[in-house]
Amino acid sequence: MAVHISRRRFLAGTASAAGLAALGTGCSSSGGKTTLTIMGNRPSEITDQDVAEFEAKHPDVKIKMVTVSTTLLTAMFAAGNPPDVVRDQGVPNTPYLVARGLAENLDPYFAKSTVLSPDKLAQVDDTWRYDGKEQGKGPRYGLAKDYSQDAMVWCNTKPFEKAKVELPSAMDPISYDEMLDIGQRLTSRSGAKYSTYGVYPPYDVSLTAGFLNMVASAGGSIFNDDFSKVDFSAPEPLSALQWYLKYAHAKVGPTVARPLAAGAWPAFDGNQLAMVGYGYWFSGEIATDTKLQGDVHFMAAPQFGKKRVSPCFSATGHWIPKASKNKDAAWAFFEHYFGGPPAIRRAESGWGLPGVKSMEAKLPTAKPYQKQSVTVQQNEFKYYSVLKFSPYISISAIDASLSQELVKGLDSGASAGKLADAVNNTLNPLLKQGKELIT
Amino acid sequence: MTTSVVGDAVRSAQRPAQATQGWKRYRGRTFYAFISPWLLGFILLTLFPLGYALWLSLTNYDGLTGRYHYVGAQNYTDILSDNDALHALWRTGLYTLITVPAGIVLGLALAVLVNRPIKGRPLFRALLYMPAVVPIVGSALCFKLLFNSDYGMLNSVLGWFGISSIDWLADPTVFWVMIAMTLWGVGSTMIISLSGLQGIPQELQEAARVDGANGWQVFRRITVPLLSPIILFEVITGVIFAVQAFIPALLLSVQSASTTVTSVPQSNYLYMIHVYAQYFAYGRFGYASALLWVLFALILILTLVIFKASASTVFYESGPDEPATRRERRMA
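In the order they appear, the protein sequences are chains A and B. Numbering-wise (the numbering used here), the first sequence opens with residue 17 and increments by one. Numbering-wise (the numbering used here), the second sequence opens with residue -3 and increments by one.
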């Protein structure tokens, strides 16, 4: 009566079970309630209150948060089970996502919405549009939760007073060379130990966007007309690379090879960093330290070339994957998060400029530093510009190549031309491959 | 009478069958039931990923785009012209060459020390082993604080002697910080060596001493040869771990919005850092999978080479008339 299992039969059975288990990861059970999977930052960006309010308003939906991670997102897409809402940056990623058919066209939802009708959206939300050729045109694929003109600069006045250096004008831009000169006068160090870092130029939000901003100001582009090639050896990108090397060799602030161990905020808050290239959103951080609030000065984005530009580097927000199984619930979350009470609370906190126009009036102005920053910001709106990105390559690849070659170049003393060639040699094959895959 | 004899014989023959009651009747099934969790895990977590990575390595899959093309062996040939991959391989080789012998020698030295009948021996053993059980993230944080150029304790101490501060966590010094951090966990090697030392028969060492051998001669001629299988195990596992090292290099570098995995200082740019960068920074899933398969082959070759090289130097426990090393056994 004993049942005999042959080795072959057992192995076949185990392999089948393993296969079924692997396939099973792609399926999800609802169990009566819709589970809305959001890849986002909780509680820093999506607060417990935001979630509780939404779930109270939509009792049939349960929110499940997953950590923001490119690795995880890739794995979830590979398993055919992507999140329903994904946090991302509209400026560098919209063409890339749309060209790969990953993001859902949200125009039908916007057309029906009273909370988020297109006339209510801020200009920055256009960075989430792409018509297949040009960013800023065509259907909408996402929304910015908030944004800033990220090449602007915050000064901590304490190091300025200590070094007896005059504060730069808040409204009129200084040049990058002037910024470097001021940074040199503010820097205080002994060997590798800094008691004051003079300046951290606007590279910390995004190294690539920091370069594109400089190149755009100089009247150039790193891309050719159809975004299928980069050329960092062209005069404008090359001059931006040369400036970066000059800044790094001046040893007046952190670089990709020698970053700040704990980030810019602790150094700025501790009067160790005099100038940092951050946008309006930093006022939300400053709000957490009442002592610092009397010692800050917000100023216009420095100007690298002849043209005054002040772009948004990220337009951080969310998009809905085309493969999402809960698009209606995802849109309900959009209306709540971008147009409801969470959006009002975000605007009132000073953590960035709102993605909905009417909420600009909610920006905080009660304290002198808040009033000064809002005044400077309102003037800076005139110089708002949009950076251009390629649909054939991800910003993470450009960031990776730039930072890798800069780390190598700063150690070896390589010239800007050599760095430019190395970046071109890395990125152009990737662009070629990206174009082949999506066309 | 005959019937009775036959009946006894039948009953006698049936006895063993009756003895196998319950689960013992299904030995085959029981065996497979016990190994099936491992086998399932092996298929799901090893065999399938290996096969999938092999398939990916023959394509230009980028991780997010649904479409990809078969590219044959191109990803493998590209490795030969990838200077970053070759640089990463060289740094990994150097890291392995330093950490594996140093870890074994240090671990053995500590094991010899704590194997002596000294006062407070259990305490010393616990203290020396403790760093090995501290999570690597905690160790890395401590090392970063210790070696921080602005606030680190080391630069403060140097400052007392008027020595200028050093940027320890940048090239080239960060490599030695990584080596120090790796060797900080030498307690695990110590424990393995200690168990080996305790398995060496005392009478052999005493006999050598009676014959006039001093402490060093006993260690060299008796202890080390008898420990050689343990040392071989440490070499092989040490090499496999060192070649795949990733976390120490990543944790010692600063990660922020403006830095990526490729900002890891060049002296700590290990092979697995390059693999990770190719997967998740550059989105070159096909190429990264080829890099992993090359690493897999390299580990296999290294293991074989170590086994071959150890044939005449590793002594296995044997009787008086049996050959002690594998080479001698083959010759016999």
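The hints are simulated quantities; they were obtained by calculation from the structure and are not laboratory data. Hints should not be assumed to be uniformly reliable.
Derived list of chain B stretches under chain A, where covered just means 3 residues or more per stretch with a C-beta under 8 Å from a C-beta of chain A [claimed, not checked]: (1) 50 to 64; (2) 98 to 109.
Within a straight-line C-alpha distance of at most 30 Å, the following computed DSBU-like cross-link-like pairs (lysine-lysine) qualify [as the list claims (entries may be wrong)]: (3) B/K115 with A/K307; (4) A/K73 with A/K174; (5) A/K128 with A/K307; (6) A/K174 with A/K404; (7) A/K323 with A/K338; (8) A/K262 with B/K304; (9) A/K378 with A/K149; (10) B/K304 with A/K209; (11) A/K323 with A/K398; (12) A/K343 with A/K383; (13) A/K341 with A/K262; (14) A/K267 with B/K140; (15) A/K323 with A/K149; (16) A/K149 with A/K451; (17) A/K174 with B/K304.
Beta carbons: idealized from backbone N, C-alpha and C, even for Gly.
Cross-check of the supplied hints:
1. 50 to 64: holds (count 8)
2. 98 to 109: Since three or more residues must qualify, the claim that chain A covers the stretch 98 to 109 of chain B is violated, with 0 doing so at under 8 Å.
3. B/K115 with A/K307: violated, 55 Å
4. A/K73 with A/K174: violated, 48 Å
5. A/K128 with A/K307: violated, 47 Å
6. A/K174 with A/K404: violated, 37 Å
7. A/K323 with A/K338: violated, 39 Å
8. A/K262 with B/K304: violated, 54 Å
9. A/K378 with A/K149: violated, 35 Å
10. B/K304 with A/K209: violated, 50 Å
11. A/K323 with A/K398: At roughly 13 Å apart (the allowed maximum being 30 Å), A/K398 and A/K323 satisfy the hint.
12. A/K343 with A/K383: Between A/K343 and A/K383 the Cα gap is close to 41 Å, so the pair fails against 30 Å, i.e. violated.
13. A/K341 with A/K262: violated, 51 Å
14. A/K267 with B/K140: holds, 21 Å
15. A/K323 with A/K149: OK: A/K323 and A/K149 at ~25 Å, within 30 Å.
16. A/K149 with A/K451: Holds - the C-alpha atoms of A/K451 and A/K149 are around 13 Å apart, at most 30 Å.
17. A/K174 with B/K304: Cα-Cα ~67 Å, so violated.
Checked against the numbered hints above, the structure violates hints 2, 3, 4, 5, 6, 7, 8, 9, 10, 12, 13 and 17; every other hint is satisfied.
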